[in-house]
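Chains as they are written, first to last, in numbering that gives the first Met the number 0: chain F, 0 to 500; chain R, 0 to 298.
Everything labelled a hint here was simulated from the structure, so no lab data went into it. Model, not experiment: these values are computed from the prediction. Any given hint could turn out to be false.
[Claimed, not checked] Computed list of lysine to aspartate or glutamate pairs in EDC-like fashion (alpha-carbon distance at most 16 Å, straight line): (1) Lys63/R <-> Asp365/F; (2) Lys134/R <-> Glu389/F; (3) Lys134/R <-> Asp365/F; (4) Lys161/R <-> Asp215/R; (5) Lys134/R <-> Asp357/F.
[Claimed, not checked] The calculated label-pair distances, taken between Cβ atoms and stated as ranges, are: (6) Glu317/F <-> Leu58/R: 46 to 54 Å; (7) Glu58/F <-> Glu234/R: 52 to 60 Å; (8) Glu471/F <-> Ala10/R: 31 to 39 Å; (9) Glu58/F <-> Glu224/R: 48 to 56 Å.
[What the hints assert, rightly or not] These stretches of chain F come out as covered by chain R in the derived footprint (C-beta under 8 Å, 3 or more residues): (10) 232-246; (11) 375-389; (12) 472-480.
Beta carbons: idealized from backbone N, C-alpha and C, even for Gly.
In case you want the letters, here they are:
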Amino acid sequence: MGETAETPASRLEGEALSADEMLALPVFQGCSAALLKKNVGAVVRRSYRPGEILCREGEFGSTAFYLLEGEAEVYIATPMAHLEGRERRRGLFGTMSTFLQSLVRRGKEGGAGGEARLIPIDAPVDLSMDNPVATLRAGELFGEMTCLSFYPRSASVRAQTPLVVLEMLRNVLDILKRGSKTFQEQLLRNYRDRALASHLRSMPLLAGLTEEFVSSLRERVELVSFEPGQVVCKQGDAADRLYLIRIGFVKVSQQSPGGEVILQYLHRGDFFGEMGLLRAGVRTATCTALDHVELVTIGKEDFDRMMREFPDIRAGMEAKARGHAEESARRTEEARAHSVDDFLAQGLMEAQSLLLIDLDRCTRCDDCVRACAASHDGVTRLIRDGLRYENYLVPTSCRSCHDPLCMIGCPVGSIRRRETLEIVIEDWCIGCGLCAKNCPYGNINMHEFEGGAQKAEGKPDKKAITCDLCAELPEPSCVYACPHDAAFRIDPKRFFREGTR
Amino acid sequence: MILDRSHRGWAAATALLLLLSSLSYALYVRATPGGPSGGTAEGIAFGAAASACMLFAALLGVRKRRPHYRLGRISGWLKGHLWLGALSLPLVLFHGGFAMGGPLTRTLMICFLLVFVTGIFGLLLQQFLPRYMTKNVVQETVYEQIDHVREQLLAECVAIAKGGAGAATHAKSAGAIQGRVVTSRAAGAPEGERSEERAPLLRFLDERIRPYFRSDGARREALAEPHRRATLFRELVRMLPPTLHPCCADLEALCGQREQLEMQRRLHLWLHGWLLVHVPLSWTVIALGILHAVLSLSY
Chain F
0 MGETAETPAS RLEGEALSAD EMLALPVFQG CSAALLKKNV GAVVRRSYRP GEILCREGEF
60 GSTAFYLLEG EAEVYIATPM AHLEGRERRR GLFGTMSTFL QSLVRRGKEG GAGGEARLIP
120 IDAPVDLSMD NPVATLRAGE LFGEMTCLSF YPRSASVRAQ TPLVVLEMLR NVLDILKRGS
180 KTFQEQLLRN YRDRALASHL RSMPLLAGLT EEFVSSLRER VELVSFEPGQ VVCKQGDAAD
240 RLYLIRIGFV KVSQQSPGGE VILQYLHRGD FFGEMGLLRA GVRTATCTAL DHVELVTIGK
300 EDFDRMMREF PDIRAGMEAK ARGHAEESAR RTEEARAHSV DDFLAQGLME AQSLLLIDLD
360 RCTRCDDCVR ACAASHDGVT RLIRDGLRYE NYLVPTSCRS CHDPLCMIGC PVGSIRRRET
420 LEIVIEDWCI GCGLCAKNCP YGNINMHEFE GGAQKAEGKP DKKAITCDLC AELPEPSCVY
480 ACPHDAAFRI DPKRFFREGT R
Chain R
0 MILDRSHRGW AAATALLLLL SSLSYALYVR ATPGGPSGGT AEGIAFGAAA SACMLFAALL
60 GVRKRRPHYR LGRISGWLKG HLWLGALSLP LVLFHGGFAM GGPLTRTLMI CFLLVFVTGI
120 FGLLLQQFLP RYMTKNVVQE TVYEQIDHVR EQLLAECVAI AKGGAGAATH AKSAGAIQGR
180 VVTSRAAGAP EGERSEERAP LLRFLDERIR PYFRSDGARR EALAEPHRRA TLFRELVRML
240 PPTLHPCCAD LEALCGQREQ LEMQRRLHLW LHGWLLVHVP LSWTVIALGI LHAVLSLSY
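The following block holds chain R by itself, in its conformation from the complex (with noise of 0.2 Å):
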């Protein structure tokens, strides 16, 4: 999400809580000679303040899951998810007086961090990842679909190298989607064409196009890299009938858009992969929190 003025209000509340907590917080630790700890009552004060934020921001997760519920609007929840989250930071440590504590606190108090680390680093990342990834992807599909565009792709460069008239009209994205159709540009051997002229394009396709079309860590092939790819494809242009250049041209620009799905892939899971980090904690800091109440309140 990304940080603009429409954040004015979650923040000013944020800041007004922040400010009035850090008040109280200055006047507990004035009027508590043994110094604060998570036991006194203004301690658990802010232990529970501290709780409710967490459970306001897990709460997210859950909302998510009933996306239709007419509960107030996603983005809503997660202005809440992120100001209230970043207050709980110093409510928990005002909860402990800075302190770390036992075992189970201080666990409790590193899950906590990682998640609130994780968390920002989620955040900054949605604040240019987007933008980057709609500026440099231009050729961008649905990330499910990644896979069945790239067999297309490669069936198309199958069908521009070997010649074949007019390979199929492939529909962009599955189902019976009409209209979004990525139509073949390939085109039928040329007249009185000898299949040895053909054959280092044959080669460049065995050896070179199906590995990088094939290949998961497409990063890793030769073609993946514009410079080195452009320079293939000009020795290859060398060894071919005039004629045959511009099947060359097609395909440079079909690996081109092999390298522009890779490079969405790849962003893709920059901007989702901090969530398989930073969710599991997030349950495993409620747990770690309900079990430190537990044990606190009960002994």
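Next up, chain F with everything else stripped away, as it sits in the complex (with noise of 0.2 Å):
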């Protein structure tokens, strides 16, 4: 045991396999013995009945577990829901109610825009909307994102059948990517043979693909990977190929004369590089790992094949890659207007649509919350208390940030933004709260409600909860229902430099 870890952190309760047991097993086959040896107490075999639960969404973990034998399930067990604050009113005038609401809603609520109908999970599978889950085998692996990156647990995952497990630590999953030749062959087979269909089609950009293309292009993705802070392509290099996000965060920026302009957070789901391939043949964004970061790369031979093959898709993607030059050019160009100063005490500079409650005027009615929580079944996104800049109240209301922190680390991409400035969170959340951890302002805020499946257990479902601009609408209504005219929407630094209304 002299040779082991013996810190507590570097070791699992359970079956500790020596170095021997694991070299005996094919996945660790190409690892050095020597560091196996110093990692003993960091791997450990479970065995699971039919039933028995290995993780469950929100928890935050440590491991990742791979599947030797056996067939689990998983599943997002928090239902996917709306949150509401009060109970449907029934009758005439409720039904008319319901209907003259349902005339003043631009869009589809429920906030997906019909756009995502996958849920990214930490495994090599995603989970459909309609039915979120999927079934693992052996030879899988899951919880990576978990292990690497102490994101909370994405899904619930069940023994669906007599399962034999290893749950590993960092530590040893990193030898294994490193130094297993067999365990990266099995991870790239896997995803080729299960995840690329179904990871290509999450994208609805390219759910037009044909299952011909498709396998096509099987055997020619690679995986690459990335640790925290590594550039994956930096700006003005030549674009060679396409990026599909498998794992972690990546972040897109671009570099200005005001300093670097944060463009975007990418996460699973997500693609980038498109625009150089579609453009002058170069990047025009430094793209970086933020976490563990792994990506499948598509070569710019297979790109332009799937530009010729696919009109509609190369008009999606020129139609996108345009909207993103625009956006790059107006972020740009704020940049270089306006310089940091005071705003960044209050982080004010970092807003986009920046809710103000000017506190000469306001009688401090409420209404703007009422009018809030009427918008949102109930449940209201704003509470009028924050900071004050000036006679300005700053409320407890999403600012719609350059940076939009609170996207990073979701380990089921339910917090988003829209083409416009709103950031949504989907139904499909599971709660565990990182977005709300992660804002700096406050603004998101965990609200529990009822139904959940983990309620039984005694620990109340929470969803988070954000504003969303009232996106289906088409003012905020909190500034249209204020009565006295104080509560507005403004882009702070025009504002603020305007120095008046």
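The two chains are supplied separately, each in an independent frame; assemble them into the complex guided by the hints.
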């Protein structure tokens, strides 16, 4: 035992495997025996009976599971619920009221917008929104993001048949990923066989790819890994491939005279690199891994073939690229025009759409809060309390930050920014609370709701809520309903620069 | 609602309507040998116009119950409420020919005038109270949270006075609101401090601070008045060793926060209390107006 790591954090409880036992398993073939000896205790073998739970969504952990034998069911137990804080009214008046509300709503309720059909999770498969359940088989790995980056579990896993798994800490997973060719090949094979098609089709722009084309890509895609802070591609480099994110978060930024401008945070289910391929063949932004990132790459040749064979996809890609180019030009121009000043102290510089309440006009009637609750099924996103800037109150309400830190780490990708400013939290949120912790301004709250599966265990289900700028309405309700014209949403830089409303 | 330039349109329209109705009334008086009365066609027309204005004004309450419906901005409705409500007074006077009439119309008129006066009073308060509150209640909180915050401040006072190390950090508002926290400045008891040295502080806590924080009518307490508070704390400081003087400063600051909460509560009541008279009386006027119309048109 003198060679093993002795710190409690580096050991797991259970049937610890010796280095020899590890090496006897095919998955460890090729790994350094010396390294494995140093990590005895960091991998254990566990057996589960059918129905036993391996892990639950939202829990924090530090291990990954590798299935040796049997099958497991991976699922999201948190209901696909839309938060409501009041009972729906019945009767004639209730029906009329619901009808009237439906008339004034612009888009589809629920926030999904009909775009995402698959929920990205920390496993080789994505889950369907209609029925978020899938099966994991022997030879598959899940919980990589939790293990490598300490994100909450994205889904629950339950044994379907008698199950034997290896549960491992990060150091062992690292050894496997770097040292075991068998493991790497297995990961790639699993991805190519099981995940590639659903991964591609989970992206709305690529949903139209034919089975034939996906099959032709199967043997050509590659998996590449990046460590936190490592640059994936640099602004100005030659563009030679398209990247699909399999694991982790990627920051897309551009250099401008005012400093680095963050354009986007991307996660599993997103892709990048298309602008350089479509345009001058040069990368237009720098993409950096924020945590442990694994990317699937599609080479330029295959990308060009895809563009030739699927004109609709090409049109969609070009429209997206145009949108990104316009947006980055706007951001860069803003960064140039506004130097960092006192706004930084309150984070106002970060905001793109800031709710302000003119306290000299506000009678503290809270009609804004009531209007917010009325627009969101009785659950308010706005709390009329917060920091003051001059005679303005900056209440607790989403600021639509330039750099939306809240979006980093969501294990199921349920918090996202739409094409417009608003940040939405989709109904498949598992309530882990990471976005609420990440928001520097306390503008995301966790709200308990009825009917969750965890209720029986005495732990109330929660979902994250944040201001969505009343996206389905022409104007945020808090602003629209203020009787004293005291509430307004503004671009803070422009507003305070002009010094007048 | 602050009367500013955004009211110009409504003010001009109201002035025009007032001018037209005044001219109409003058012509009506000249053309009616027996003098104006509410029963004539012109009188009924003035009454109907006044009722329409009052009904529109009353609909503001209904509109505010459905704040998210896109039926026009509520601020627009409030402007209409103010200006058409104001216009209804001359129209009512034109309707009755500046006479009060019988007991029902007299009661109606008194109620209407009270509604008018309370409305003007509320409007005047709204011109300066929000600004005053912004300036003088810097540590304002959500009105419904005042009692909660008061309890937190008291807990902090107790922790400071008893010398408990690091009283908890408290969320300023209920619910899982991240980021807005009031961090206790309570320090641990200094080493070597004897318990009797702290006795005056604990006595002050029980005799002065607790009653002040627990009392609803906190204005009557000695600590509510800044000068007396300063005097009391100066006296307390004299009784304590220098190591405990920072505790006194912290306690005095917390009592100052308590005073701000009380001021917020008072100002809030002024800002909204007049509605307790204005709203029920408005509905009384509507009900009596309907009764008056039915009775007048029937007989």
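Against the structure, the hints:
Pair hint Lys63/R plus Asp365/F holds up; C-alpha atoms about 11 Å apart against a cutoff of 16 Å. The hinted pair formed by Lys134/R and Glu389/F meets the criterion: a straight-line CA distance of about 10 Å does not exceed 16 Å. Between Lys134/R and Asp365/F the alpha-carbon distance is near 19 Å, which puts this suggested pair outside the 16 Å criterion. Only pairs whose Cα atoms come within 16 Å are accepted, and Lys161/R paired with Asp215/R is rejected, the gap being roughly 24 Å.
A hinted pair counts as satisfied when its Cα atoms are at most 16 Å apart, and Lys134/R with Asp357/F qualifies at roughly 12 Å. Checked against the hint of 46 to 54 Å, the C-beta distance between Glu317/F and Leu58/R comes to roughly 51 Å, which is consistent with it. Glu58/F and Glu234/R have their C-beta atoms about 56 Å apart, which keeps the hinted 52 to 60 Å range intact. Glu471/F and Ala10/R have their C-beta atoms about 36 Å apart, which keeps the hinted 31 to 39 Å range intact.
About 54 Å separates the C-beta atoms of Glu58/F and Glu224/R, a value consistent with the hinted range of 48 to 56 Å. For a cut-off of 8 Å, the count of residues in the segment 232-246 of chain F with a CB near a CB of chain R stands at 0, and the three-residue condition is violated. With 5 residues carrying a beta carbon less than 8 Å from a beta carbon of chain R, the segment 375-389 of chain F meets the three-residue requirement, and the given coverage holds. Restraint check on the segment 472-480 of chain F versus chain R: 5 residues with Cβ-Cβ distances below 8 Å, three needed, restraint holds.
Going through the hint list in order, the structure does not satisfy hints 3, 4 and 10.
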